[in-house]
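**Q** Listed below, chain by chain, are the residues.
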Amino acid sequence: MNKYLDLSIKEINELLKNKKIKPIDLVNEAIERIENSDLNAFITLDKEGAIKKAKELEDKEVDNLLFGIPIALKDNIVTKGLLTTAASHILDNFIPIYDATVVEKINDANMIIIGKTNMDEFAMGSTSRTSYYGAPLNPWDKTRVTGGSSGGSAACVSARLVPFALGSDTGGSIRQPSSYCGIVGMKPTYGRVSRYGLIAFGSSLDQIGPMTRNVYENACLLNVISGRDDKDLTSSHAKVEDFTRKIGNSIKGMKIAVPNFFMSDIVDDEVKDKVNEIIELLKKEGASIDYIDIDYLENAVTLYQIIGMGEASSNLARFDGVKFGFSIKEPKNVDDLYGKTRGEGFGEEVKRRIMVGSYLLSGENAKIYYNKALQIRNGIRESFKKAFEKYDLIIGPNATTVAYSQDEGLNDPLRSFYDDALVFPANMAGLPGMNVPIGFNNDNLPIGLQIIGNVWDEATMYQLASFIEGKLELNLDPREVK
Amino acid sequence: MEYKKTIGIEIHCELKTNTKIYSDSINGYGTTANSNVNVVDLGYPGTLPTLNENVIRTALKAALILNCDINKIMHFDRKNYFYPDLPKGYQITQAETPIGVNGYVMIEVDGTPKKVRIHDIHIEEDTCKSIHYKHHSFLDFNRAGVPLIEIVTEADMNTPEEAMAYVEKLRELFLYADISDCKIEEGSMRCDVNISISKTDELGTRAEIKNIGSISNVGRAIVKEAERQEELLENGEEVCFATYRYDEKNDKTIMMRVKEAGNDYRYFPEPDIPFVEITDEMIKEVKDSIPMLAGERRKEYEKRGITTLNANKIIQNRIISNYLNLFLDTDINFVIASNLLLGDISAYLNKSEKSIFDTNLYKDKFIDVVNKLDKGSINSKVFKDILVDLMETDDSVDEIIANKGIKIISDPNELINVIKTVLDNNASSVSDYKGGNERVIKYLMGQIMKETKGSANPELVNKLLLEELNK
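Listed in order, the protein sequences are those of chains A and B.
Read in the working numbering, the first sequence has 475 at position 475, and its numbers run on one by one without any break.
Read in the working numbering, the second sequence has 177 at position 177, and its numbers run on one by one without any break.
Next up, chain A with everything else stripped away, as it sits in the complex:
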């Protein structure tokens, strides 16, 4: 068996350009790896579509670095003619009639979509266990969760089934599973990537982003999917410059802040220790590190619950069994159709969030909770803004722990929120946040560093992440660590 997919993208690109291999070789290898994998990382494998696309590309010139490379998409990204479930029973027969904007961009770059990855139902969760299709497994230890909600995307990149995946991040759903699975994941600045065709969860928080094996390739994929889209009014006109442009630059003199909250008691010592090692490394390299307080940071969990669930309760209203997706047979009347379709179609966590969100927006509650949350959210934005007047980047852990057991915390609906306390702030402030692996705990489970950048400054984040990656030279291939 060939192992082209273990090569770097640059190496694969050379082979393609020199006609040593064809895109179909990569597709066949990916399909074989996915079919032989027991990680439950995919909901849909599009063999036929991927092979067809690979054949089409044979006649085309290799016009860019990502040409012919297989990519997996989180199953809440709409793909024309290809089942898109959002890991929900209510969409388990939903074949969209249009492509998300990122899908068009992926196709324009002549990348090959290999399938749709497993996730928490409607991206609601942080272990991917709320999936209607069962949870994906962590390649480092199959008894552990992948994290979520982009668990399938994290698992398939980590296990080297494909080099690239897209995830979405409403409250850490790219960064946290990337941390648990030992890969690089970027949640770009809100507005950097079009949300058109992303099945909405929390519209003011959602952002699609790249999940990859390393920093450079992550920046390359972000290059492909970024940019203003007139179909998404919240997408930005901000100039898209090559995100790899600062990779390799010295970090000497870089001003970095560590929020005290990020290193507080809520974080496990084994995680803190690794982060402290990195802090020492950065100091040694001539970067300055300051510990700072950022106002309202500790409120991000509550804000996420109010804003995220409020928006979700409205966004999920359209799944009513009338126009698409699952619909119960022989309803007595319209109310019966709504009630039973939604009652049977949605899973427990989704229903819980719809109910909480509806309650929060109800009558006077909207003023007490939702409007108040928007105010405090502005407060977080402002305090980050102030911090970025002084600092280039903010760092800390992504997750309070390493990946935990598949059986843990199942009966504690709040657990996942508090586990994610460190990832919510970037969503609240619309800032870019990423994960870069920085080591392992004693059980050989990955630990990740979160880097938060100023708006539109992903390039500087990649600069730092790439420096750390280069210094550590970690072996991040779970197949080789048994």
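Treat the hints as calculated values from the structure; they're not laboratory data.
Please read these numbers as outputs of a predicted model, since none were measured by experiment.
Glycine residues also receive a C-beta, built at the ideal position from the N, C-alpha and C atoms.
Each hint should be verified, as a subset may be incorrect.
[Stated by the list, open to error] Take a look, some chain B residues computed to stay more than 10 Å from chain A by CB distance:
#, residue
1, Thr-50
2, Asp-181
3, Thr-205
4, Val-388
5, Lys-453
[As the list claims (entries may be wrong)] According to the in silico footprint, chain A covers these stretches of chain B (three or more CB under 8 Å from chain A):
#, stretch
6, 36-47
7, 86-95
8, 160-170
For this one, chain A is given, so just place chain B on it according to the hints.
**A** Frame of chain A; chain B shown alone:
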């Protein structure tokens, strides 16, 4: 003591934009069902709204015409509820920052002016049209996403006449400003009336009458609903806070559903549409684009001698009015011009199903023909004869008259002979005139025109006839 009525009105108007409000589908409700629909209109998973700038401009125009304060930073809100005709499970509307607030409109009933205050005017999207057939319901998504503005008054009206005058005034304003075609019967303008009655200053419980199908029915519905409420109150019963419709056939209001207290639409700011800034520049541009409105036109016409009746007739036909306005800076005789436009020209246009702007009746030709009629160098019979050519050829008025072989006798000598003959043949009329009966002049004129087969210059004949009679 009489019960006093308190009336407030909510009006929805469809805006005349090319595309829908939140997608680029054609705004073409009324064409084949579900032909102007895309994934955004269907509320497909993953789709997002865009925002049609023309909707903002048109709504802004309406807000300015209604003397509203403009919310210069405005946003949209989601109104959440489940209904089959609502594709997304929420309507994108404006709750917190309507484009216009605190406006007013002046109405007039029996010569008494009254100010009706506008609470707000906001922008929103229309829902699907539900069509019920036997045991099935069908949805037409062509209407989903059609831009609407809703105009909400304060409860400032007290009589059916005032309510009707308000609706009529709004319709006239919006028609003339090209905001909506305001066809109540076809649903592009929809009226909901809130009415309560009371003998004291404390307002009674109100009832809402939804979707009244014509302006006259607005009046009828108010009369009937007030009667119904009065009967209840007189019998010691209570008015129920509910929604009604007006049944035209039976001339009464019928309850549709009881309003539940605190209807909970879970409003919150629409996160998919960024805040919209209405700049002073945009306000100025829109203000400058507002054409002369009906009230001002009426004044201009009456100032030029057109009767109120005819002025109103012209205003009812906006295209004719626009045409007539081309001549506001000329000194043609507006009475003649308006008579032509309302009479023979309208008849021609109706028959040929043309707009006057699609005919060959160019500005210069119209001025020429009106002046000729004014001076008496042609008469209305000649006008009728040359009308089709005026409308359909590029020939000048003189050329048409010449081509048609129409002779206009303006030679006094020739006319004097005819006049003398007629007077000789009508000696008794002449003596009647001498005896002080001036009415015979009309008769004699008629005889002379008959004798000349209508080709005599009437002004000249009149002058010569009087000279002859007074000799």
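**Q** For Asp-181/B, is the shortest beta carbon distance to chain A beyond 10 Å?
**A** Correct as stated: the minimum Cβ-Cβ distance to chain A is 29 Å, above 10 Å.
**Q** In terms of beta carbon proximity below 8 Å, does the stretch 36-47 of chain B have 3 or more residues touching chain A?
**A** It holds, with 7 qualifying residues against the three required.
**Q** Please verify the coverage claim for the stretch 86-95 of chain B: does it have three or more residues whose C-beta sits within 8 Å of some C-beta in chain A?
**A** n = 4 at 8 Å, threshold three: holds.
**Q** Does the claim that Val-388/B lies off the interface hold, with its Cβ farther than 10 Å from every Cβ of chain A?
**A** 51 Å, holds
**Q** Test the statement that Lys-453/B is away from the interface with chain A: the closest C-beta pair must be farther apart than 10 Å.
**A** 70 Å, holds
**Q** Holds or violated: the stretch 160-170 of chain B covered by chain A, criterion of 3 or more residues with Cβ-Cβ distance under 8 Å?
**A** Violated: only 0 residues of the stretch 160-170 of chain B have a Cβ under 8 Å from chain A.
**Q** Say whether it holds or is violated: Thr-205/B keeps its Cβ farther than 10 Å from all Cβ of chain A.
**A** Holds: least Cβ distance 21 Å, greater than 10 Å.
**Q** For Thr-50/B, which was marked as not at the interface, is the minimum beta-carbon distance to chain A over 10 Å?
**A** 6 Å, violated
Hints 1 and 8, counting from the list given before, are not met by this structure.
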